[in-house]
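Q: Read off the chains here:
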Amino acid sequence: MSDDPGTGRRGGRVYTPDFLTELFRNPLDPGYADAAARRARTGQPARPGWSVGPASLAVVVLLGFLCVVAYRQTIAEEPGRAQARSGLVAQIKQRQGETDALSERADVLREEVNREREAALGGSQAARLRDLEASTGLGRVRGDGVVVRLADAPAGQDALSGGNVGPSRVIYSDLQGVANDLWGVGAEAIAINGQRLTATSTIRSAGQAILVDFRPVTGPYEVSAIGPGSMRKRYEGSRSALTMRKVAQDTGLSFAVRDADDLTLPAAPEPRLRYAEPAVSPSASPSGRDGSSGSGTSPSPSGGGR
Amino acid sequence: MIAVVALLAGVGLGLWLDPTVPAALQPYLPIAVVAALDAVFGGVRAKLDRIFDDKQFVVSFISNVLVAALIVYLGDQLGVGGQLSTGVVVVLGVRIFGNVAAIRRHLFRA
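Just so you know, the protein sequences line up as chains C and L, in that order.
The numbering used here numbers the first residue of the first sequence as 1 and each following residue consecutively.
The numbering used here numbers the first residue of the second sequence as 1 and each following residue consecutively.
Any given hint could turn out to be false.
To be verified - So these bits of chain C aren't anywhere near chain L, every CB distance computed over 12 Å:
| no. | residue |
| --- | --- |
| 1 | D34 |
| 2 | R38 |
| 3 | R39 |
| 4 | A40 |
| 5 | S56 |
| 6 | Q73 |
| 7 | E111 |
| 8 | S124 |
| 9 | A151 |
| 10 | Q195 |
| 11 | R245 |
| 12 | A248 |
What the hints assert, rightly or not - Pairwise CB distance ranges, derived in the manner of DEER restraints:
| no. | chain 1 | residue 1 | chain 2 | residue 2 | range |
| --- | --- | --- | --- | --- | --- |
| 13 | C | G207 | L | R104 | 16 to 26 Å |
| 14 | C | R39 | L | V4 | 35 to 45 Å |
| 15 | C | S254 | L | L29 | 23 to 33 Å |
In case anyone wonders, no lab produced these hints; they're calculated from the structure.
Even glycine gets a Cβ: it sits at the ideal position worked out from N, Cα and C.
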């Protein structure tokens, strides 16, 4: 680094053909050879054995000093980085907690509003409202149904494959397919890991995470659906079930469908009413949920295509 | 032998004084250490080649450290600090490797 290789060694200015070749072939500073040649000319003897001059000793002391300082510096920086990271993690946790508390409060308040409304409305109207809320995902529902369980393949090559979402992980479109097919075979209410799906729910991916209604869900994923008794058999024949079975066989990802009694699905976190207009003719509204595989409840909502 | 004692003395000095590096110099410290290592391995090899020279050693040490720091500084000013430090580390690393290989040949005849 310090001086031009090739000058001086042969007296005149000789440019070496290729710096890198020269570097690999002869890594020693040419200055040492020059100095040795000068000494040979003047007849000075080289220092015997391992003794070195005081200046070199000072340099060696300096080297030890530098190494220690650099080492300590690096060590001292490390906790700073870790602290920043853990601080961020704590902030995220705290904000998530706040969000949870707030949405819980919103749920409580909504329930209160519902109660008040039911008290204000007559019996049949209130019942109709309840039915509508149940079918649109705004009310808590209970019933028998199926639970579809999907889980990532056990870790192994994940650490190596790193960023890309390989086939051994459950991806968002798997969940979309499962949810859509469950709607298709007559599910009346669906929740993914306790996140109720509504007509406007989205299932999408952000990096490695899967977001259901913009809330992250983590594996293993349980898609619970309430519906008619024949739902499981019909679902087993659906496209996503067949696909996922094949995928599970090939990649070690786990996929299971089971009947479940007395499922309780929570209400969707927020109505997300973006446009609300007064109905033109209230009498023309549909007649609510009437049990028959819910044509009003299956507008394939979980597409997330937008 | 005395060189090793000097090295240990430097280490002890660093531990004892425990200086804080000014924030402005922090990015240059690691690269300066690599440059210093290059000069030292060059010196050891020259010693084994029996062509060691005190002046050459001191000058190459100081200039190595300064030039390495200067290159990184320039790179930072030009917005290519990371790439330039990579270049410096590669070149110095190659030299260290070559010199250590020569030292190994001297010591073990292999």
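Q: Hint by hint, note whether the structure agrees.
A: Hints, verified against the model:
1. Not every CB of chain L is more than 12 Å from the CB of D34 (chain C) (nearest about 8 Å), against its label as outside the interface.
2. A Cβ of chain L approaches the Cβ of R38 (chain C) within 12 Å, the least distance being about 9 Å, so the stated non-interface status is violated.
3. The non-interface label for R39 (chain C) is inconsistent with chain L: the shortest C-beta to C-beta separation is roughly 8 Å, within 12 Å.
4. A Cβ of chain L approaches the Cβ of A40 (chain C) within 12 Å, the least distance being about 10 Å, so the stated non-interface status is violated.
5. Against the 12 Å criterion, S56 (chain C) falls within the reach of chain L, whose nearest CB is about 5 Å from its own CB.
6. Some Cβ of chain L comes within 12 Å of the Cβ of Q73 (chain C); the nearest lies about 5 Å off, and the non-interface call is violated.
7. For E111 (chain C), the non-interface assignment is confirmed: its Cβ lies about 56 Å from the closest Cβ of chain L, beyond the 12 Å cut-off.
8. No beta-carbon of chain L comes within 12 Å of the beta-carbon of S124 (chain C); the shortest separation is about 72 Å.
9. Against the 12 Å criterion, A151 (chain C) stays outside the reach of chain L, whose nearest CB is about 40 Å from its own CB.
10. Once the 12 Å rule is applied to beta carbons, Q195 (chain C) is consistent with being away from chain L; the minimum gap is 42 Å.
11. Annotated as non-interface, R245 (chain C) keeps its C-beta farther than 12 Å from every C-beta of chain L; the closest such distance is 49 Å.
12. The non-interface label for A248 (chain C) is consistent with chain L: the shortest C-beta to C-beta separation is roughly 44 Å, beyond 12 Å.
13. As the Cβ distance of G207 (chain C) to R104 (chain L) is approximately 47 Å, the hint placing it in 16 to 26 Å is violated.
14. Checking the proposed 35 to 45 Å range against R39 (chain C) and V4 (chain L) shows it is violated: the Cβ atoms sit about 25 Å from each other.
15. For the hinted restraint 23 to 33 Å between S254 (chain C) and L29 (chain L), the CB-CB distance of approximately 51 Å leaves it violated.
Comparing the model with each numbered hint stated earlier shows that hints 1, 2, 3, 4, 5, 6, 13, 14, 15 do not hold.
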